[in-house]
Amino acid sequence: MQELRDDRPKEPISTDGGVLVILHCVWCPRSKQKGRFFLWAESSTRNGNHDSSTVAPNYFPYQASSRDLLEVLRSVLPAQPEGEPRVGKLSMLMPTMGEAEPLASSPLISEINVAVGQSGALKLASWTVEGFELSVEDAVSLLTSVRDVHSAQESSGPGHNHKVASLVGADVLFWSKAAKLLLDLLVRQRFIPYLENGSGGNLRVNYRAIWMPLLIENDDLHRVRLFAESMPPACRAGPERNPYRLVDSFLSEGTEAMIRKWVPKGKTSERLRGGESLAAKWFCSLVSPDHASVEGNSKKLGDLREGLESWVSEIYSAGPRLRSCFRLEEPNVAPGQEEGGAANKKKRKASEWTLSYFLQASDDPSLLLPAEEVWNGNGTWQFDAADLEATMMKDLGKASRLCRKIDESLRLSPTPTHSRLSVEEAHAFLANDAWLLKESGFGVLVPSWSSGGRGSRLQIQLKAKPQHQQREGNGSGIFTLQSIVEFDWKVAIGDGGVVLTEEEFMRLVSLKQPLVSVRGQWVELRQEDIKSALEMLHSYREAGGIPAAEVIELAAAGLTKGAVELKVTEADGWLKGVMEQLVSRETHQDLPTPTGFSGVLRPYQVRGFSWLAFMERLGLGACLADDMGLGKTIQFIALMLRNASTARDDSNGRDKTLLVCPTSIVGNWKREVERFAPSKKVMVHHGQDRLRGDGFIRAADAHDLVITSYSLMTRDAEALSRVDWDTVALDEAQNIKNHWTKQSQAARRLKASHRIALTGTPIENRLSELWSIMDFLNPGYLGSLQEFRRGYTIPIERFGDTGTQQRLRRVAQPFILRRLKTDPGVIDDLPEKFEAKVYCSLTDEQASLYDAYVKETLSKIDSSEGIERRGLVLAALTRLKQICDHPSLFLADNSSDLQGRSGKMERLREMLEEVVASGEKALVFTQYAEMGGMLRRHLQASLGCEALFLHGSVPRKARDEMVMRFQSVDAAAESPPVFILSLRAGGLGLNLTRANHVFHFDRWWNPAVENQATDRAHRIGQTRNVQVHKLISGGTLEDRIDAMIEHKKGLAEDIIGTGEAWLTELSTEELRDVFTLRREGSGAG
Amino acid sequence: MDMGWGDDEWFHHRYRRTTPRKVKDGMRARSRHGEIGKTWWSHRWLETLQSYGWSNRLERGRRYARMGQVVSLKLSRNRVESMVQGSRPKPYRVTIEVKSLPKEKWKVVAASMASKAVFASKLLAGEMPVNVEEAFSRSSATLFPAKREIRTDCSCPDDANPCKHIAAAYYILAEEFDRDPFMMFLLRGETKEELMGALRESRRVPNEREVRAPEAAVKGVLKDAKVPALEDCVAAFWSEQKPLGHIGVSQNRPYVDAAVIKRLGEPAFWREPEDFTELMKNVYQDVTSKALQLAFS
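Listed in order, the protein sequences are those of chains A and B. Mapped onto our numbering, the consecutive letters of the first sequence carry residue numbers 187 to 1271. Mapped onto our numbering, the consecutive letters of the second sequence carry residue numbers 8 to 304.
Please keep in mind that the hints were generated in silico from the structure rather than gathered at the bench. It is possible that part of the hints are untrue.
Stretch by stretch, here's where chain A covers chain B in the computed footprint (C-beta under 8 Å, at least three residues) [as the list claims (entries may be wrong)]: (1) 118-130; (2) 153-166; (3) 239-250; (4) 289-295.
All residues carry an ideal CB built from backbone N, CA and C; glycine is no exception.
Isolated chain A, as found in the complex (with noise of 0.2 Å):
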């Protein structure tokens, strides 16, 4: 009913109460049947929920019911299983302490009470486990699907909603590789087809129609073995023990299984008429998805297995250690240089290319041996010379049948050594012959120039030229996204540095010769890669240009199709400034501070508030991705101001502008601009009592900044999306991350000239984030989802493709301006400790909790006296303060249901998901134990990483490890980032330089205290800044204190005092002053 406690998102997707879930699985391969695949899951909450009613004593505690399990399924996994899965049983070694304590796999599910000293201490002992069997082939497809990161998995598609956070466990994300290996050996198909001897128990035996994984390669080989030596122990508890053969048997049955799932019986075998003979029966058996047993007279079923294996051997018989190895080699003279005649019929031959033969040794590529000293019969490398005739005269034979040119050698010589190849017999040996050889087995050696036959790289550059003059001082853009831009080009070929004009080009193509030498250069041009580069250019030609958006991606990061590349280097006039200002984000000039700006900018946030106008003024949307703390919202604010003072086309000169941010701070937004822009008028539209309709659109044109919530902006799109903004901003905008959500929705609804997104997290490595937000600021620029999946999330989040994201990264950052703490443009201008108050919001569920206790207790205390009296006034402070905390703390309710209940608690959530995105550490102190054993709780499922939390019953031992984990330097121990403190842990000799932010959740009003706390961070060590955050709740007590504490500062300190007590010699009225919860500071209507 109450507005507040409305305002959630209607899609949570984090937890609701702290329940964390981590996925498993293990392979089982079985003796003569087909392996399963066996999915289980560990949650936080132990024995909850479990299915069975009685619980067998070797069931694993950590369990997670099948419930919540399938529910993990459906969010990890977005490819679901047909049907539904078999539920079974499994039983598997684990870690135990003692007789029964099985260790859980992480700190998240339940504390890990093992000191460094004692893992000597922990046997493997048997545990069962329930969950779901998988056949090989959908766990294959399954595991295919999961991203190749080891973080807490976010919603990806409409509907989606979570009660559970999930994390998949490191034996998931081992399978998961594997599975890709697999799919890679399936890719480059390395597999051969073969016939297997079942071994029958009784007197007949079976033979099998197989497919066979195919390693010869010694890539691959080693592959196999890297990953069967990296293998998580967990993956060996189940009933195979041995990782070698359970990579083998995985990669074999997985073969057999996609195979068979992926051709279909009826399209090949269905040609084979008759079929009669064994060999057909093999060839049907092999492309059957289900039958692949082959039938038949015993002897002869033994002679084909026999004529098989003699044709597989070849294979391997060629044994890895020696190849041959076929080098192309141009000629020493280039065309055009030779002279006719007899005379110089040396020189003609010199201009021919040569063919060269070699052998190789496959461990060692640069090992070569001529044939010329293969022939001549002296042993070399440990092989004597008949083995190395044999092999060169073996290969040489099969690779007649590949390349005439060899087979024509063969005929020529006894001992050939070589072939001569004419400029188009060189071609078509690159272009055919040398991929045939290569796939075949042989080392095949091509000039570097012709990139292995696939032609020269050919990247073709453009010079932007715009036609029209920019237009200064034009509130609207003259640049938009669609803006056309005409164009120039040329040719650069090659690594060498040759470049062609148009003209230059066009002549070389309409040559025709796929091998030509150009400026004494050879180039190969490939029909494709031309006509694929002709096309695009015709089609811009078509179009009268390049469109703008184009144009920015072309000139950041540039296009590649093959061969080909496209690529902005040039622009002319105004657009070259533009171009540069865009890519660099340095714009030449810097603004001056606007008027009505109370307050100073430091010179990084001059820069940015500069380039946020930049961009508006090209009307392009802006991203400003600032680490925290370093005022994004004074830069905002600033650029607020300059919009005003700029001569509009408005009529009365307004600047509209629209601001969305997240319920917990509203507050704080609205203290911010009065602060430092106390000239504008500011509406916020909250609570209750906000005006609808037609009224609120009057009231809109009324004011210069509408601050509102995102669920509110959602709720009341309507209205909101009938003005016409000048400016729409959304802060914290991660919360539009989701594309599907109504909030997402919502704001791309909204009618804007401008658009800017503020947020403090890492942007760029967040892909669905970035793409909905630069769907939000500049739609289309980044083309439509389904691209995007394709073209970048799947290869880098997937695939974990550095070269894709790298240029992710370039295409996005025209549009993006992030400064670290750390830059050096800034680091300087940053005081070394930073304080700033976070104002936070009460639920409404807080909010009435409070003011019904303001109302019981000052009536308690209005009829009492003396130590009676001082002893309520301090009850009630400790009380008010644990509503402001958290409900449950004032209740004591030991409730599981934390989350949406405390504005302080979400707000801190919110900052340390930032903190954590950015890689960087955070302590958090409360006064009160249980508020820190609630936020563990909370913030280790929301957040899904670890959270230490430090309080008086800790021993000292563990005590000391915690401090050196948290302080661990090493990649690989998963330091945890977040550390909880009671204030009093705070005050011993701890050493937490590791940490630069300090969240102080409550306030003792003590600065001794709370420096020294403060401290711990903030030592010498520290090469750091340091951000300490005060979160505060707004129209409470402890805003009202806070203010008394700051007005007061310097002067009467002996009244107000350090600590509490002061506050009981205050009289009712005046604690009633302090204690009475305004509405309006809170952000509530």
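Knowing the structure of chain A, use the given hints to seat chain B on it.
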């Protein structure tokens, strides 16, 4: 004369249609229509047969070969022995004898072959060198036997020679030669080992490498590795023992589909009319497409 003949046949000693009994698991010619034999050298071989005329019998012989009436075919030095099923309950015995080349001539042949790499390399790769007769001409002999160098016989009642049974055997032989040109040398009196040995003497050549069976190769690599006991790995039980890094999936189709099959060539036991390599190519292409789809969708 066998009393089993029908009266008609005794009187009309003329070619008559008879229906042969069905054979289970006979040697069937692969080609279903048109020519039998795919290579130029098996065609050369068949030229001899065709030079006899008797087109009806040849036609019949082809049909027999395609129906699988040739129950067995055994090749030995200078001699082919075959059982072909006719209309009678017991299959007929066919023999083909080819005149052998004397030892000294083989020596000369070997020396000629040694002079050009093409002979040894092609033969080893399963092909008959095109100019193989060159190697024989110096010793005034030919590899392919002339008519007068061949003697055939069949136990069937038909007097014609070659009868349809002999013809069937010829056709099946032709396909054997397709598979292994060394069979032709065998028919002329020289086994593969002897030929290779002789080549080796004149010019050192092929030492057959030891053949490694596939399973040993694949699993052998993995078998030898040392495995730490699970009990010793309790400390880092849930983590990767060595960093694996990112595993990527190739985004490019192989330039040549089913390259491995192409390299191995058609297996010797494949007698179906369909091209084995083509069939496999379709399978391999499908697998790549589906794997790419799964990885990148």
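Taking the hints in turn, this is what the structure says about them:
no. : hint    : result
1   : 118-130 : holds (count 9)
2   : 153-166 : violated (count 0)
3   : 239-250 : holds (count 11)
4   : 289-295 : holds (count 6)
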